[in-house]
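All residue numbers for the sequence shown refer to UniProt numbering, where the first residue is 1 and numbers rise by one.
Check the hints yourself; a few may be wrong.
With a straight-line cut-off of 27 Å between C-alpha atoms, the simulated DSS-like cross-links for lysine-lysine are [claimed, not checked]:
(1) Lys509 - Lys455
(2) Lys104 - Lys371
(3) Lys376 - Lys80
(4) Lys362 - Lys202
(5) Lys455 - Lys471
(6) Lys333 - Lys319
(7) Lys104 - Lys202
(8) Lys300 - Lys333
(9) Lys130 - Lys120
(10) Lys166 - Lys378
(11) Lys130 - Lys104
(12) Lys509 - Lys471
(13) Lys328 - Lys176
(14) Lys120 - Lys104
(15) Lys468 - Lys71
(16) Lys402 - Lys328
(17) Lys362 - Lys166
(18) Lys471 - Lys371
Calculated from the structure, these hints are not laboratory results.
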Amino acid sequence: MGICKSKKQNQTPQQIRIQHVKSANATDIVKESSPNNVAPGSVIIQSQQDFLMKSQELLTPDRQNTANKGKFFNTYTLLKNLKSPNEQIRQVCTVQHNQTGVTKIAIIQTHHYKQSDLSKIQNKIQLLKKLDHPNIMFIYDFFIDSKQLYIVTENYDGGTLFSRLKSDNKDQSVSKNQLIQIYFQQIFAGLQYLHSIGINHKNLKPENILFQSQQNQLIKLVDYSNSRVKSNDDDLLEINYLAPEVIQKQQYTQASDMWSCGVLLYEIWTRSLPFQGDNLKEKKENILKGKIIKDDSWNKIPPDAQKLINLMLNVNPSKRISAAECLKHDYFKNIVNYTDRTFVDDMLQRIQQYQSKSEFQKLLLSIMINKLMDEKEKEKLMIAFEAIDDNKDGKITKSELKKFLTIEKQRTLTDKIFQILDSNQNGYIEFHEFLLASCDTDKLVNKENLEILFKFMDKNQSQQITIKELKSLFIEARLTDQEWEQIFNQGDLNQNGKLSFQEFSQLLKSHSNSI
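Please build the complete structure, drawing on both the sequences and the hints.
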């Protein structure tokens, strides 16, 4: 597999002075800024480029307000308890949203935080919600009360790392080696992304590497347990994936995550652990010495995989290979990413149509994707994103996009497509930008979803949506009241400061993919 070695650099946004004006059919058209071009009832914004940038900021998932002051069980219904370590402290279960009917995973954790610490916890969750990578757990909602913290995430029902290898390996068309390559490429991709933004996983083990669904091989890195279990037997189990420096109570670093990956890669090949011992003390000593068991099972591991394991299980953290370097290792040089070209062609057409949507339409679509998008549709786009993202860092550059578009006619559209997708103009395409522009709105914007979303936004159940209700859905918005009014007026046809269901439906349907 070819890896793009060029670094992705930020680009300075072009300072273009433009004016959005409201047309008779409530769609948004772009004209050169001039008082003569402003339609009656439009709000003149002095710096339209600044307005556009501020409105684009709200399209990121972390800007949607997920801090809930209400009770968790007023919003979600518990469906099924899932097996979870240390269940007296943390419970993992499937839940159903009472309004949307969508199934998610909920992590319910007992806490002893002081009231003064709750804002810090909320800030930490908000930081985790900024994570934007196909192989990283996505947080949808969170609640906190005096006793418990509730975190709602994507639904993962595809099994754990080792259970899936057993079932996937029944397919004779794909070898065990190819499956392991596919799995670990994604693990390293997720880790590379976390490490690039200064986050260490700290808890890599088989049960924290899950598959999105049984229908695909999309891996998610999750973390269901931060607590250390106290019994001797569990201490023996827990230590299996810890790096020597962590056992010695030194600082946990990115290299410590890579040691855990080395243990996992060894274990998935041999079905045993690289460091053994009759008791905890003996096992610790073997880990600290880096004394890897190299028996007959080891000899069955492909040479390139053996080399990669040795590079990760180096007792010296400074000499341990990084996640980014793992992705460039010879072990992955022959991996092939399958892509449905028909799906890609349809996706590119949707992306080109996305540019005609107004700011209000984009905001509503971002909420609808977050709350209501079918997981299978989302998975298809995740797989397409990863196929384009050649170096697996969670960002698509213009060169990666051009390389992916193999048909010459498509390659000529690279600049146009990139300009559409890079909404925040930082020089690369992030996953949330890709998802918003490439989703199939013909499937997403249906009558049922329109009714659910309208009811969700209509907080006071007045059968109308106000600017105040729209603003309440977002946090850290830099838009002024005047700018919020400009956005709202794109859907408020009768200019009464309220949005009826008819106006709401017309706004979202006016730029469906089929038009």
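Against the structure, the hints come out as follows:
With a C-alpha separation of about 17 Å, the suggested pair Lys509 and Lys455 falls inside the 27 Å cut-off, and the hint holds. About 10 Å separates the Cα atoms of Lys104 and Lys371, which keeps this hinted pair within 27 Å; it holds. Distance hint between Lys376 and Lys80 is fulfilled; the C-alpha atoms sit about 21 Å from each other, no more than 27 Å. With a C-alpha separation of about 36 Å, the suggested pairing of Lys362 with Lys202 is violated against the 27 Å cut-off.
Note on Lys455 and Lys471: the hinted pairing holds, with a Cα-Cα distance of about 15 Å set against a maximum of 27 Å. Between Lys333 and Lys319 the CA atoms are separated by roughly 22 Å; this keeps the pair inside 27 Å, and the hint holds. Distance hint between Lys104 and Lys202 is fulfilled; the C-alpha atoms sit about 24 Å from each other, no more than 27 Å. Taken as a hint, the Lys300 and Lys333 pair is honoured in the structure, with Cα atoms around 20 Å apart against an allowance of 27 Å.
This hinted pair checks out: Lys130 and Lys120 have alpha carbons roughly 16 Å apart, not beyond 27 Å. Of the supplied pair hints, the one linking Lys166 and Lys378 holds, its CA atoms being roughly 26 Å apart against a limit of 27 Å. At most 27 Å may separate the alpha-carbon atoms for a hinted pair to count; Lys130 and Lys104 meet this at roughly 19 Å. With a CA separation close to 22 Å, the supplied pair Lys509 and Lys471 stays within the 27 Å bound.
Of the pairs offered as hints, the one joining Lys328 and Lys176 holds, with about 20 Å between alpha carbons and a cut-off of 27 Å not exceeded. Taking the CA atoms of Lys120 and Lys104, the gap is about 25 Å. The hint holds against a cut of 27 Å. Taking the CA atoms of Lys468 and Lys71, the gap is near 22 Å; set against the 27 Å cutoff, the hint holds. Of the supplied pair hints, the one linking Lys402 and Lys328 holds, its CA atoms being roughly 20 Å apart against a limit of 27 Å.
Note on Lys362 and Lys166: the hinted pairing is violated, with a Cα-Cα distance of about 42 Å set against a maximum of 27 Å. Only pairs whose Cα atoms come within 27 Å are accepted, and Lys471 paired with Lys371 is accepted, the gap being roughly 17 Å.
The structure fails hints 4, 17 (numbered hints given earlier, in ascending order).
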